[in-house]
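Trainee: In case you want the letters, here they are:
4 protein chains.
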Amino acid sequence: MLAEIKGLNEECGIFGIWGHTEAAQITYYGLHSLQHRGQEGAGIVVADGESLKGHKGLGLVTEVFSNGELQKLNGMAAIGHVRYSTAGGGGYENVQPLLFRSQSGSIALAHNGNLVNATELKIRLEQQGSIFQTTSDTEVFAHLIRRSMAPTLKEQIKIALNYLEGAFAFLLLTETELYIALDPNGFRPLSIGRLGNAYVVASETCAFDVVGATYEREVEPGELIIINAEGVHSERFAEKRPRSICSMEYIYFARPDSNVDGINIHTARKNLGKRLALEAPVEADIVTGVPDSSISAAIGYAEATGIPYELGLIKNRYVGRTFIQPSQSLREQGVKMKLSPVSGVVAGKRVVMVDDSIVRGTTSKRIVNMLREAGATEVHVRISSPPITHPCFYGIDMSTREELIAASHSVEEIRQLIGADSLAFLSLEGLIEAIGRPSDSPWCGQCMSCFTGKYPLNTFQE
Amino acid sequence: MLAEIKGLNEECGIFGIWGHTEAAQITYYGLHSLQHRGQEGAGIVVADGESLKGHKGLGLVTEVFSNGELQKLNGMAAIGHVRYSTAGGGGYENVQPLLFRSQSGSIALAHNGNLVNATELKIRLEQQGSIFQTTSDTEVFAHLIRRSMAPTLKEQIKIALNYLEGAFAFLLLTETELYIALDPNGFRPLSIGRLGNAYVVASETCAFDVVGATYEREVEPGELIIINAEGVHSERFAEKRPRSICSMEYIYFARPDSNVDGINIHTARKNLGKRLALEAPVEADIVTGVPDSSISAAIGYAEATGIPYELGLIKNRYVGRTFIQPSQSLREQGVKMKLSPVSGVVAGKRVVMVDDSIVRGTTSKRIVNMLREAGATEVHVRISSPPITHPCFYGIDMSTREELIAASHSVEEIRQLIGADSLAFLSLEGLIEAIGRPSDSPWCGQCMSCFTGKYPLNTFQE
Amino acid sequence: MLAEIKGLNEECGIFGIWGHTEAAQITYYGLHSLQHRGQEGAGIVVADGESLKGHKGLGLVTEVFSNGELQKLNGMAAIGHVRYSTAGGGGYENVQPLLFRSQSGSIALAHNGNLVNATELKIRLEQQGSIFQTTSDTEVFAHLIRRSMAPTLKEQIKIALNYLEGAFAFLLLTETELYIALDPNGFRPLSIGRLGNAYVVASETCAFDVVGATYEREVEPGELIIINAEGVHSERFAEKRPRSICSMEYIYFARPDSNVDGINIHTARKNLGKRLALEAPVEADIVTGVPDSSISAAIGYAEATGIPYELGLIKNRYVGRTFIQPSQSLREQGVKMKLSPVSGVVAGKRVVMVDDSIVRGTTSKRIVNMLREAGATEVHVRISSPPITHPCFYGIDMSTREELIAASHSVEEIRQLIGADSLAFLSLEGLIEAIGRPSDSPWCGQCMSCFTGKYPLNTFQE
Amino acid sequence: MLAEIKGLNEECGIFGIWGHTEAAQITYYGLHSLQHRGQEGAGIVVADGESLKGHKGLGLVTEVFSNGELQKLNGMAAIGHVRYSTAGGGGYENVQPLLFRSQSGSIALAHNGNLVNATELKIRLEQQGSIFQTTSDTEVFAHLIRRSMAPTLKEQIKIALNYLEGAFAFLLLTETELYIALDPNGFRPLSIGRLGNAYVVASETCAFDVVGATYEREVEPGELIIINAEGVHSERFAEKRPRSICSMEYIYFARPDSNVDGINIHTARKNLGKRLALEAPVEADIVTGVPDSSISAAIGYAEATGIPYELGLIKNRYVGRTFIQPSQSLREQGVKMKLSPVSGVVAGKRVVMVDDSIVRGTTSKRIVNMLREAGATEVHVRISSPPITHPCFYGIDMSTREELIAASHSVEEIRQLIGADSLAFLSLEGLIEAIGRPSDSPWCGQCMSCFTGKYPLNTFQE
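Residue numbers (the working numbering), protein chains in the order written: chain A, 16 to 477; chain B, 16 to 477; chain C, 16 to 477; chain D, 16 to 477.
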């Protein structure tokens with residue numbers, strides 16, 4: 016499954032609010048619902064019309080914020096961030112929002128995405144005397160703004176945005192304004208909602224449900240939204256291109272209760288499972304999913320085939336960052352960590368194991384093996400996405416193709432490697448049709464580059 | 016659902032091992048798999064043949080133990096405990112195992128259960144000069160042992176066990192021996208397994224799967240097992256009575272991958288859901304369960320009725336003890352905490368919501384309301400157990416019947432209170448037959464007292 | 016100096032107050048002024064007429080108590096304790112006051128001293144079924160009270176006190192009463208004072224000065240004082256013996272601003288230095304003292320001889336428990352830890368180095384060497400007390416005579432060992448006359464056993 | 016005394032080493048000996064020839080560094096810093112050394128001093144697009160270096176140093192070089208020493224004694240020293256001006272065992288006391304000093320007058336940052352905090368109280384009052400420096416003259432305000448002659464501006 020490469024995923028979650036007396040509190044609950052997008056760090060910055068105040072830290076939202084700290088963050092506007100990885104050398108200083116103070120006013124930045132030209136821009140800025148305090152891509156954006164000769168902050172931001180290439184969803188807060196921007200391809204989801212008179216913005220709509228807000232619309236690719244005392248104002252900083260929202264949001268990243276670009280995630284995944292059942296049926300006794308991200312697809316597969324859906328694999332909910340890994344000797348003696356098979360369910364059964372993806376294959380191999388040891392007589396692996404054959408440059412850190420098993424192995428070879436009785440992936444067409452986005456582009460507005468090698472920006476084409 | 020009364024459940028989890036060079040490490044993983052039985056505190060005590068060493072603390076197993084602390088706990092035998100509640104005034108000193116040192120040797124105690132005559136025994140012991148350091152029932156057992164005039168520790172333990180009334184599963188570790196005891200009614204589950212040459216004992220068999228051990232048998236009601244350098248020896252400290260294992264273990268407490276007295280929990284719960292479907296079918300569009308404990312029953316209900324099973328409710332996995340509760344005003348504005356509805360799934364649908372139980376009814380009411388706000392057109396509540404009409408005295412702290420809504424209201428009244436379109440509970444017969452224990456007693460060896468008021472010990476009969 | 020044997024000193028400090036609305040706060044400042052008597056742990060228990068509440072921890076008073084914790088300790092009476100050593104295996108549970116709760120009422124205990132028959136009493140109590148939770152002597156006293164058949168707590172306490180042998184100063188707090196007791200020899204200092212209408216009791220009078228209280232009198236050997244709503248009441252639990260207050264309180268333990276049994280400590284030490292100058296003068300350029308305890312004696316020596324007093328040795332004030340000890344290689348390269356010589360002051364000078372005592376001689380050797388390396392041309396060591404030749408059993412843990420260099424070496428042999436140009440100790444007569452206690456006993460009411468081997472209780476006589 | 020204005024003193028301590036396998040460890044002990052110069056934060060950065068690694072934190076050196084963290088800092092060169100105040104808004108990010116990474120190499124900065132044109136430079140840099148991450152003056156220096164067009168780092172540093180005005184002693188570490196610079200007036204002390212083959216540099220020579228190093232020479236005003244693989248190289252970045260070392264280093268800041276510019280501090284202070292005795296003798300019974308900084312002067316005063324020196328005031332050693340301040344009501348009841356009088360010493364006596372300085376007068380008033388309450392019949396205050404009449408701009412933050420009592424009151428008026436029987440300050444000539452610097456300038460190379468209003472840089476002249 017996709018989670019198997021540590022640090023593979025550069026996903027993050029962002030949340031913002033304008034015009035609410037409990038802005039920091041709302042942001043806390045919003046971030047909490049986006050926690051699945053990043054567990055390494057969290058932070059909130061508030062604006063009270065005169066200054067910015069922030070608090071951030073390493074760990075979960077609930078670990079970073081105590082009630083006392085939250086109370087101190089008074090103000091009518093706030094932005095927040097949950098950070099996935101410490102890629103880049105990380106640590107505390109890379110936790111966002113990043114806060115930049117100066118004599119002429121402060122800006123706070125929260126960013127979800129990956130800038131493909133960040134290093135190049137950073138070198139140029141340093142040559143001109145800029146000093147970077149973090150190893151985060153995001154800081155490049157701040158320097159570009161400060162370096163701009165444009166007369167107003169809005170113009171500075173627009174110019175700076177045009178320097179950036181890649182996937183980005185930005186929230187920028189000043190003492191008196193909230194800026195929202197999405198890259199011209201719209202790789203990342205970003206939605207706008209209302210909470211009474213307040214405006215909210217979030218990476219996923221589940222945050223709206225949790226804070227009691229109502230969904231309004233998606234932020235458009237290339238759009239720059241400014242919210243201040245005078246109201247909401249929308250501009251374009253770049254021409255609209257066909258949307259290329261990341262397919263993995265549907266397959267793996269997003270929470271089942273979110274709607275991404277209008278499509279419910281649980282439903283999309285269940286449809287992936289149903290389609291997979293049509294494309295690759297198998298005779299078996301039970302269907303089981305790899306928790307948590309493959310449950311919906313497994314239910315769909317079971318429903319479409321009529322094979323009973325069972326809890327054949329259990330995930331321990333209490334595995335945190337402080338979990339002590341078993342020694343090699345204990346692992347060989349059979350000590351399990353995160354996932355364990357339910358022998359009472361799988362023993363003597365032909366099992367269909369549905370997972371969302373295969374990256375290196377090692378995790379799949381381990382799970383297949385686990386199911387067999389628990390007594391499964393057959394294990395049929397069904398993957399609710401096509402083979403991942405190419406690295407992603409917009410938010411998933413797969414430095415080379417070498418790690419991707421499907422880049423160099425056939426399906427049959429992979430089957431042998433993971434030890435399954437049969438193996439099938441979903442087709443590209445199946446993926447698109449099951450998700451069911453309106454077909455306004457060759458790929459229906461989805462980025463499929465990790466399956467096809469065709470990159471929307473044409474930069475990395477092979 | 017049963018979790019709705021804070022501190023209601025006095026459940027705990029215990030784990031022990033004898034004869035393994037990494038006894039503390041194995042216990043760590045064992046306890047980790049039992050974490051669902053108690054999140055308030057955890058501890059491990061090891062014996063190395065000459066002394067006992069222990070570490071314990073408030074919080075999750077992963078929070079209490081760092082690798083360094085675990086490394087210090089070297090020894091070939093260990094017992095461990097996860098504690099559910101701080102009932103009794105709690106805090107650090109009540110976290111188990113309790114460790115009692117003396118000139119003549121030390122004993123460590125880990126206890127799962129509830130002694131109904133603990134206060135009475137404590138008063139008598141204090142009148143004779145004993146000083147208690149905890150407010151835990153468990154300490155009474157230690158004092159009874161120390162007060163006994165019997166010549167050997169084994170005899171002292173047997174006499175002490177006979178003073179106790181209620182539900183208890185005890186692990187007692189000395190420098191050189193491990194004692195295992197289960198109360199004469201066998202209210203609590205306690206299983207024995209093997210890990211190579213080592214013996215393991217645990218509240219649930221999922222711990223065996225996680226550490227790679229194989230299940231051997233249940234500890235019998237009234238049995239006292241002694242493991243030492245000479246091997247394993249079994250005695251009885253009390254005559255065998257018909258087993259009265261707590262029905263709630265099947266309905267709510269145990270982990271789906273455990274087998275309790277030979278019956279798999281997920282399968283039992285799925286059968287409860289199927290039986291419920293037969294007893295109380297309804298025309299609807301989707302079936303959803305309240306996570307986590309009701310998922311299996313909901314899947315069973317869906318399977319038996321043919322109505323699709325969907326993720327209509329999402330539980331936030333990251334709610335920990337440090338979660339900041341929303342203010343009243345935020346709650347009124349719609350801020351959700353732990354559970355949120357998936358509007359993309361339930362909107363415009365007739366929903367069957369399957370839950371495991373109703374205690375006070377407030378949670379059910381909240382969930383029904385949540386589903387309606389998310390757009391459900393009908394909400395039909397199905398409970399996979401009979402109405403709880405009587406307090407439990409063996410491990411569930413329901414001080415009075417007043418809190419139990421089913422003690423004073425009819426099913427129709429409850430339906431109105433929780434705002435459901437229809438409501439049905441499982442029948443007593445349905446419960447017994449679905450779980451399917453061999454019928455060696457009127458109640459098939461299950462304690463049904465919270466549903467019937469008929470208490471196995473006859474002490475609290477009305 | 017005396018501090019050189021780690022864990023040598025079993026001294027502690029105790030403080031109590033009755034009848035003040037800010038009892039816990041006053042106790043905090045009182046304990047803070049007694050911090051020199053113990054840095055390992057601190058605790059406070061308050062009584063509010065109905066219950067006892069306490070807080071304690073490892074570390075300094077300022078580390079153990081935050082303002083929030085102190086605020087919670089509301090009540091009109093309090094006792095507190097600072098603990099010196101972790102002797103006995105220590106840790107959190109041994110930090111005092113110890114708090115014993117029971118159905119019939121609670122007691123809290125704070126103890127300064129050493130019971131010579133504690134182990135013997137503990138064995139007997141355990142044989143009768145008592146369970147000890149600490150390895151502290153003090154707990155024995157609690158069990159003796161609880162085991163007593165006497166009808167009232169006061170009678171129980173008096174009987175229990177008569178079981179005890181050794182040095183003890185006890186504060187015992189119940190919900191409604193404060194008990195104060197001093198052993199029949201009065202080994203330890205314990206004074207009573209008034210703060211407005213409140214009563215205060217402390218190990219040293221410096222605590223009275225710090226909290227603004229006025230000194231009233233010493234607690235008498237064998238006296239039991241009870242303070243409750245009816246006022247103050249004094250009884251005897253034992254016949255008065257000649258007082259044997261520890262000489263080391265004057266020489267080393269107590270703070271310079273305290274008066275012990277009416278005699279100011281700084282003045283006593285300065286007189287020890289003056290007397291030493293008369294007994295053992297020497298031609299030299301400067302006098303320096305080993306900080307902190309020998310400063311007063313050095314000033315006295317300088318004043319009596321006319322040799323200038325200088326700061327020849329500096330103590331780093333910031334050496335705490337978390338100080339990282341230098342590696343052996345760094346120590347050999349000359350890295351100093353706690354004490355460093357002032358070469359600007361000692362270079363080219365004949366130095367008189369005044370210290371309070373020599374125990375093993377290793378520290379003296381190190382300091383003499385340090386002074387020579389800093390350029391001193393001669394180093395004359397003068398000790399403001401007689402040679403320590405015998406172990407102490409009443410509060411100083413010198414298990415055998417073997418560690419005491421003066422038990423087996425002549426003054427000349429010690430001089431050679433420590434590398435001094437000359438060495439002299441104060442005479443026994445000099446010690447007594449310089450301190451100047453009224454001569455109501457052969458030893459003027461001082462315990463001199465570590466210098467003479469004559470033990471007040473006759474128990475350990477050689 | 017000078018410590019009475021919170022945040023008054025911007026002093027810090029710096030330490031560096033080049034060419035030692037345990038560079039970080041040596042720096043730890045060096046910083047530890049400089050702890051009196053700053054207790055708010057500490058940090059160390061090491062260079063291993065290829066990269067810089069650092070660790071820093073709020074609190075004492077012993078609190079910030081654990082053994083584990085120190086072990087990770089391997090490398091042959093290191094610089095360290097102890098920070099006095101959090102002036103500037105402070106917090107973690109302002110703790111030094113500041114570490115600036117870039118594609119072209121990293122620099123770490125440790126700074127003792129105060130830049131008088133920092134704000135002006137910062138505004139200019141921000142206008143050109145620089146982003147500041149701290150509110151520390153020191154960061155300005157880093158930006159000036161990075162902005163410089165000069166071809167080599169050394170040239171960049173020299174140009175940057177010439178932008179700076181005020182007092183500064185800088186250590187700058189790169190992967191391969193250590194730079195040392197002192198401002199052209201030499202306001203701050205900075206000395207060079209040897210430790211075997213290694214070079215060391217420190218704010219005070221006491222650090223050399225503690226690590227076993229030998230003193231070589233002072234860094235000269237306007238000197239830039241570069242140490243790298245090729246050896247030590249000295250240059251000038253500015254013409255030499257007459258040295259203006261801060262008089263307060265002799266009077267108050269430095270540790271008694273340090274030599275500042277060749278003069279021992281304890282000896283200098285004792286001479287200040289002796290001179291004060293000549294200038295302002297008084298008939299009295301005892302002399303006492305205000306601990307710790309006035310002890311040496313008091314001893315000198317006593318020696319010169321023949322009046323006995325006594326410990327009339329005691330400082331509690333355990334007052335840390337976590338000390339709970341007494342409430343107003345407790346303070347009125349007489350609760351003391353840091354300092355308490357020794358009534359056993361002062362009662363009935365005519366007391367000479369020697370202090371190093373008077374800033375606002377409130378502390379002096381409190382101490383005089385304290386001594387009277389303890390029974391002193393007369394209190395004669397003698398100050399071992401002239402009246403402070405002007406603010407300092409080079410490291411002591413006295414924003415306005417209004418806080419300085421001596422700026423607006425005569426000696427007699429101050430005497431009345433503080434309630435002394437007599438009051439005398441040392442004369443300007445007395446100060447210069449007692450310290451005894453070689454008279455190579457009108458003020459003997461000392462900055463006397465706070466006593467005279469004559470500022471070396473002519474910038475702030477009135």
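If you are wondering where the hints come from, they were derived from the structure by calculation, not from laboratory data. Beta carbons: idealized from backbone N, C-alpha and C, even for Gly. The reader is advised that the hints may include incorrect statements.
[As the list claims (entries may be wrong)] Here are the computed distance ranges between Cβ atoms for each label pair:
#, chain 1, residue 1, chain 2, residue 2, range
1, A, Asp300, B, Thr189, 45 to 51 Å
2, B, Ser81, C, Val426, 51 to 57 Å
3, C, Glu190, B, Thr36, 49 to 55 Å
4, B, Gln142, C, Asn212, 35 to 41 Å
5, A, Gly390, B, Pro166, 47 to 53 Å
[Claimed, not checked] Lysine to aspartate or glutamate pairs mimicking EDC-like chemistry, simulated, CA-CA at most 20 Å apart:
#, chain 1, residue 1, chain 2, residue 2
6, A, Lys169, A, Glu65
7, B, Lys353, A, Glu65
8, D, Lys68, A, Glu108
9, C, Lys353, C, Glu298
Trainee: So, for every hint listed, does it hold in this structure?
Mentor: So, going through the hints one by one against the coordinates:
1. Here the CB-CB span from Asp300 (chain A) to Thr189 (chain B) is close to 48 Å, well matched to the stated 45 to 51 Å.
2. Against the hinted window of 51 to 57 Å, the Cβ-Cβ separation of Ser81 (chain B) and Val426 (chain C) comes to about 52 Å, which satisfies the hint.
3. Restraint check, Glu190 (chain C) to Thr36 (chain B): a C-beta distance of roughly 51 Å satisfies the suggested window 49 to 55 Å.
4. Distance hint check for Gln142 (chain B) and Asn212 (chain C): the Cβ-Cβ separation is about 38 Å, which falls inside the suggested range of 35 to 41 Å.
5. Remark: the range hint 47 to 53 Å for Gly390 (chain A) to Pro166 (chain B) is upheld by a beta-carbon distance near 48 Å.
6. The suggested pairing of Lys169 (chain A) with Glu65 (chain A) holds, with an alpha-carbon distance near 18 Å, which does not exceed 20 Å.
7. For a cut-off of 20 Å, the pair hint linking Lys353 (chain B) to Glu65 (chain A) is broken: about 35 Å separates their Cα positions.
8. With a CA separation close to 15 Å, the supplied pair Lys68 (chain D) and Glu108 (chain A) stays within the 20 Å bound.
9. For the hint linking Lys353 (chain C) to Glu298 (chain C), the alpha-carbon distance of about 29 Å lies beyond 20 Å, and the restraint is violated.
Of the numbered hints stated above, those contradicted by the structure are hints 7 and 9, listed in ascending order.
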